[in-house]
Structures are given as structure tokens and as C-alpha cells.
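Each residue of the sequence shown is one higher than the last, beginning at 0 in numbering that gives the first Met the number 0.
Each hint should be verified, as a subset may be incorrect.
Unchecked claim - Derived Cβ-Cβ restraints for the label pairs, each shown as a range:
id : residue 1 : residue 2 : range
1  : ILE731    : GLN274    : 29 to 39 Å
2  : ARG694    : ASN244    : 17 to 27 Å
3  : LYS603    : THR448    : 26 to 36 Å
4  : ASN307    : THR662    : 40 to 50 Å
5  : PRO33     : LYS316    : 49 to 59 Å
6  : GLN606    : GLU124    : 22 to 32 Å
7  : HIS580    : THR343    : 25 to 35 Å
8  : HIS580    : ASN307    : 16 to 26 Å
9  : THR343    : GLY73     : 12 to 22 Å
10 : GLU458    : ASN682    : 55 to 65 Å
11 : ASN601    : GLU213    : 17 to 27 Å
12 : THR710    : LYS493    : 38 to 48 Å
13 : ILE620    : ASN244    : 38 to 48 Å
14 : GLU124    : ARG694    : 43 to 53 Å
Claimed, not checked - Each computed EDC-like pair below joins lysine to aspartate or glutamate, with the alpha-carbon atoms no more than 16 Å apart:
id : residue 1 : residue 2
15 : LYS57     : ASP324
16 : LYS306    : ASP62
17 : LYS64     : GLU425
18 : LYS705    : GLU262
19 : LYS181    : GLU213
20 : LYS603    : GLU586
21 : LYS107    : GLU318
22 : LYS602    : GLU589
23 : LYS225    : GLU213
24 : LYS64     : GLU318
25 : LYS64     : GLU213
These are calculated hints, taken from the structure and not from any lab test.
Source: prediction; values computed, not measured.
Where is the CB? At the ideal position from N, CA and C, for every residue including glycine.
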Amino acid sequence: MSLSCLNAQINSDIIDSKKTEGNMDVFSPLAESPNAIKGSVYVDTSKSAFERTVDLLKRLTFDEKLSLTGGFMGFQIPPVERLGLRPVFTADASQGIRLGTIYLKGQKSTSFPGMMPLSSTWNKELAYSMGKAMGEECRALGVDILLGPGINMQRLSVGGRNFEYMGEDPHLTVKISKNYIKGLENTGVLSCPKHYIGNDQEFTRHISNSIISERALREIYLPPWKSAIQNAHASCIMTGNNLVNGSPAVMNKPLNADLLRSEYGFTGIAMSDWQNTNYHPEKQNLMLTSGQTLLMPDNVKFEAWVKNEIKTDSLRKAEIEIMLDRMVFYTLFTLINKGVYDRTPQDKSYFNTFETHKELARKIAEESIILLQNINKTLPIRSENKKILLIGQPELHSGHGSGYVDGYEHVTYADGMRALFGKNFEWIKNIDKNKIQKADFVFYNLNKTSGEGKDIPFELGSDLGSEILAISKLNKNVIVLINAANVMPMPWLKSVKAVLWCSYLGQERGSALANIISGKISPSGKLPFTIEYNFSDSPSPKFNFLGNKPYWQGNNDNYKNYWLGKEEGKDSSFFQNVKPHQIIPLEYAEETLIGYRWYDYNKKAVQFPFGYGLTYSKFNIGKTNVHYSESENDSIFILVEVHNSGEFASKEVLQLYVSEVNTSMVRAPKELKNFSKIHLIPNETKTINFKLNKRDFAFWDEEINKWKVKTGRYDLKIGFNSESLTVIQNIIVNKTLIFN
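All chains should be built: construct the whole structure from the sequences, respecting the hints.
Rendered as C-alpha cells:
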């Protein structure tokens, strides 16, 4: 049955337990449950998921249906013990499993690089492999739904959760997230992309109203969601904490019911982020028609509203039950369709895959490391007899908050370097002028902590920059390791020889770094974001009206009191600026011009452009051929030769951009439309094949609410980063094209 038909049919046809504490053996498949009704359609795996769900829905009581609209025990979908349905387990996050969310003790989960470093690989195959590995760990540990990946756009370089997202470009996010989701879903685990939509910062995230134009939504913020639903077949989505265009994201009918479900054909579970439905007690009636299906971690306020509505009106109860049927149907259909109820939560055979996951984590970390600077070919260091010193701040393997993953058997930077350089390596915690002067190379780790809870100031502490400058005066071969997910000023850049952007690389960070600095692996990571000179240059420098201090996001005590109308809480600065029930407007005034689009359009110089990253080798673009016709339905085929003229085997990313020439509207001077990562040995040449169609030239026309390609000239540009591009073909469009 097609998605659109299923949506139409749904619209027309329409307990107590203890924490498992790691013992999931108590749960059996539905067919083996003593409470399952033998011979019934909902138990029969030979029947379609639709037939089984219809039968199951008919057997549920009103109270059971109501219970299935809310979470259970913090991170579960509740069981229906009377009918043999077990609880369904969810867990954070995208780069490993946060074991505390499933109450597991004595277990382990791989700490992979985060979503930002995964995106830095620009490697679609690695994204699929990571999603598959995450699914395998979920199956081993009893996780049915993984609460990720994060596919919000990096609108602000200071966003606290940027490490959980995939950068500033929708096309890059689409390609990486699509493959990650496919890999995860193919293991039988349900993906849950988050946070839909405009939940792009931590500042006042629960009480802010993201004001986003239809064009900006369609061109920048929605593409990853559309792809997740229509191409990757994500089973769930998580709505954000924020409001969007005046309506809470969790209760936003235009965005959820009308767009996700009716237009995109989404038939999966739409769950809320934790607690956000409880912030709007006066709007609980909107839940019934919003397209939302599951309120996490509970539906306390919604349940109270429903019971108050029906206590004296039997007709109202019947009316509400019809709408509950629709909500619950989406949830049950999705779980049955993915076979969740027909298996036990854990399949311990998947523990056998964990050893290969460590190797995969290392490979992702290797390909995510970005070489920003390498003066006089300082790197790689090929001699084991060189004296190597590591100094600086403590290294970070992950951001904090719900995206944090412990990992196990960590290989630190020091571990990796010690294995590489042996007794010639030393790690010191404090400045030692004598040791710095005697070292052949000094590695300085510069970290920047980030994560859920607050956004991260652009500026570094003044002492950190001064420390790097001081060390560079003592030693001419200083190499800076940037251990961060948020950008920063680099006034020390000209005083150091090399810079490696390492982000948060997970538990295999030391092995990956050692392979890069030794030359065993050539760096091939590319920036998935722009590094500006100053935050004041960025698209939205005044997003935080409290100013740089404090960068307030809020804590639960503040939010609870805020919605209760009390001016009380741990953070007094909040109530000095925000009054109870005040909604904070966040206007996306830059429209579609985020990231490199903004800097290009406004001709602002940047420290490092989007898509930038050096290798140890040298690559050249050779012959190019472009084949196309003027028919609106014909594809454009681009063939590009790439040659490795350097001394190292290496991977490189060729990027393809489209530019409308002499446009009369506000539009980015260029937009990424395709890319390919290839591996070449020295003196090898390969041909890359790109495919575009005329839709790749389109913008969203708000007057007709359709995609439009205007007549005129469009340039195809290729290169190895967004600033160094060559025009390879002019495409002339002689007729206006309109697309749905």
C-alpha cells in the first residue's frame, strides 16, 4: 500500500511495570506472550501490518488508547499487558547509545564520532556503515527506537548542539543523513530524526518562536526532513521544543499534519521532544489534529484535558476516541510494520559486531579530521626519532547532554602518539619552557566544550590564545589540534605551522590522530560549515537578546515556574529579562542566506570557507564534459577527470555548485548540488560522474507556492572547496519551469 493511500485509509477508518534494570529476557515476542489472543489477526504475522493494526485497534479500550499517546518510565512506549504487547524501548543518541536511558548496567556502547565529524567526512558510504553499526548496537542492547540522527541546520556557529547536527548546507545534510538512516533502519531499528523544525539553538529553546518564511523552510530547513521520509523511510520524527510561526512545533498542524503527513506522506510516529507538550497546558486540544502521535516522556496534561472533556459528555468521548484512533494507529502500525512486537528487545548475537565497530569508529574519525593549515609540509611527521610534546587542554571525545556517550576502551591522543613515537613522546599538563624548547614538534590541544543546555560564545578565553602565542615563540613547530564543534577566532594562526580540526572524535580518537600525523592516512575531511572571522559577521549575531553574558538557555526549574507564572528559579538573570508566559520571537531575517550563502552574498571574507580541507597530496582537475538538452525533463550529465599529482595516496572531495547568473532576486551566489569523494594513488586519474536536473536550479516561489526555475543563465562550478571554483559550463534556460 502506498504511503498516500495508507494516510487516506487511516483518516477514513479510523500499566504498571518496574524498570527492567538490564533484564530484558522477561519480554517475549507477541506470538509467545501468554496474554496474546491466539488466532487473532493482530498476532498473525502472515497478515499485513495494516490488517493487524486495524484488528488490534478494535480490541483496545479507550483508556488503553489514551495511554498509548504518552511515554512510560521516561524512555518507553507503554505496554498493553492485557493483549500481550511489551514496552517499546527508546534511547539517545546518534553517535552511540546513552545507556542510562534504557537502565542498563554493566553494558557498553561504542562512542563514535558525532554527527558533525561524520558530516566532515563527506562520505556517504561511511554514513551508511555508521547507521548500520548503530542499529546493531541497538539490537544487542534492546533499543527499538534510536532518538536520532539530528538533522537541524547549523544556522548559528555558536549553537550548543551543533556537534549533533551535520552542518550548514541542506544538500550535504540530506546525503549524509539519508545514508545513516537507511543503515539504521535496515537493521530493524527505528530511526527518529530530530528536532523538527527550526530548533537550531539552545537559547530559550522551550519558549522561542522561530519565525521562518515559507521559502526559507522549503529551501533550507525542510529538505533533510523530506529526504528522511521519502528517500530514507525514517520510521519516526521528533518535533522540537520551540514554536514555529506562532504555534508550538509539537502542536503545529500546518507543519505536521498538513506538510509531513499529507504532502510528504509520512505514516510513522511523530513524537514530542521531552516535556515540551507540558509547556502548553491551555493548548492540549490541538494535539488531536496536529499529526502528533506520541507525547514524551508522558502525556499527563493531555490525559487530564481529555478526561475533563469527556467526564460529562458521552458524545464528546466518542468524538475524541475517533481522533485517538488516528494517533494510536500511526504508532501501532509503525511498530508492527517494523516487526518490533514480533521480536524480543535484545538480540545478543549482535554483540559479536562490536569489535568491528571500533575499527569503523576509527575510520570515521580519520576521514573527519580536517587539515586547515600545513605550512612547509610540516605534517606528516615520518621519523619516529623526533621528540614530540603534547600539551594544552583536556581532550573531549563527545559533547554533553543527551548526545553524550561514554564509550569504552578509549584510545586518547596521548595513547595514540605514544604508540607512534614511543619514548620520544611526552604529554605534559603544564607549561614547561625547557621541554617546549627541546621538542622537535609541539602539539597543543585546544578544546571548546559544547552540548545541550546553552550556546557557546564565539570568543575563546584570552589566556588560551596567549598561551598558543607564547608556546610558538619557544618552538617553531607548533601544531594546534582544535578539539571543538563550534568555531572560534584564530589570532594565533600565523604563528603556528599546522592546524588540525579534530572535533569530537569518539573513543578511537587517538588511533585516528596518530594515523593522520604519521602519514599512514592522508587527511581528507572537509568543513561542513564556514569559520568566520567574527561572530558579528554571521547571519544572526543578535540571536541572544541577553547579550554574550550569560548565554542563557534555561533549566527545568525556570521553565516550570515560567509556565506557572512564577518569577522564581535558579537563574535570576532569566527573570530580569523574560516575564512569565512571554514568548521570545526569533526572526530568521537572513531568510535562505545561512552559512556560506550569507558570506558569499554579502561579500564577507572568512577564516576558512565551507567545504575546505587540505590533504597531504595534490589534486588537479582535468578534462570536463557536460551533456544535456533543453528539455525540462532531461538530466544534465557532468564528467570530470581528477588527477593525483602528489606523493601520497589520498581521498579528495570534488564539489559541484550551481549559480544563477545576474539574478534580480535575493539568492545565494552559489549552492552545493552534488559532491563525490574518491581515493587516488599517486599519478592516478579517475573520472567522476555527476547528474543534475533542472529542478536543481529551482527556488521556492511564495506567490505560487511551487518550485520555479527562471529563464536565464546558470553556471556549473566545480572545485575542492566553496571558494576555489571553476566554471565548467553555462546552462541556458529559455523557458520558465514550474515544479510541485
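Do the hints match the structure? See the list:
1. ILE731 with GLN274: 29 to 39 Å: Violated - the Cβ-Cβ distance for ILE731 and GLN274, about 54 Å, lies outside 29 to 39 Å.
2. ARG694 with ASN244: 17 to 27 Å: holds (26 Å)
3. LYS603 with THR448: 26 to 36 Å: Holds, at about 28 Å.
4. ASN307 with THR662: 40 to 50 Å: Hint violated: Cβ distance 55 Å, outside 40 to 50 Å.
5. PRO33 with LYS316: 49 to 59 Å: This hint is violated: roughly 31 Å between Cβ atoms.
6. GLN606 with GLU124: 22 to 32 Å: Holds - the Cβ-Cβ distance for GLN606 and GLU124, about 30 Å, lies within 22 to 32 Å.
7. HIS580 with THR343: 25 to 35 Å: violated (46 Å)
8. HIS580 with ASN307: 16 to 26 Å: holds (21 Å)
9. THR343 with GLY73: 12 to 22 Å: holds (21 Å)
10. GLU458 with ASN682: 55 to 65 Å: Between GLU458 and ASN682, where Cβ atoms are some 45 Å apart, the hint is violated.
11. ASN601 with GLU213: 17 to 27 Å: Taking Cβ atoms as reference, ASN601 and GLU213 lie about 23 Å apart, which means the hint holds.
12. THR710 with LYS493: 38 to 48 Å: 47 Å Cβ-Cβ, so the 38 to 48 Å window holds.
13. ILE620 with ASN244: 38 to 48 Å: Holds, since ILE620 and ASN244 (Cβ atoms, about 43 Å apart) stay within the stated range.
14. GLU124 with ARG694: 43 to 53 Å: violated (25 Å)
15. LYS57 with ASP324: holds (9 Å)
16. LYS306 with ASP62: holds (10 Å)
17. LYS64 with GLU425: violated (62 Å)
18. LYS705 with GLU262: Holds, because 13 Å separates the two Cα atoms, which is no more than 16 Å.
19. LYS181 with GLU213: violated (28 Å)
20. LYS603 with GLU586: Violated: LYS603 and GLU586 sit about 22 Å apart, past 16 Å.
21. LYS107 with GLU318: violated (47 Å)
22. LYS602 with GLU589: Between LYS602 and GLU589 the Cα gap is close to 15 Å, so the pair holds against 16 Å.
23. LYS225 with GLU213: holds (15 Å)
24. LYS64 with GLU318: holds (14 Å)
25. LYS64 with GLU213: violated (35 Å)
When each numbered hint is compared with the structure, violations occur for hints 1, 4, 5, 7, 10, 14, 17, 19, 20, 21 and 25.
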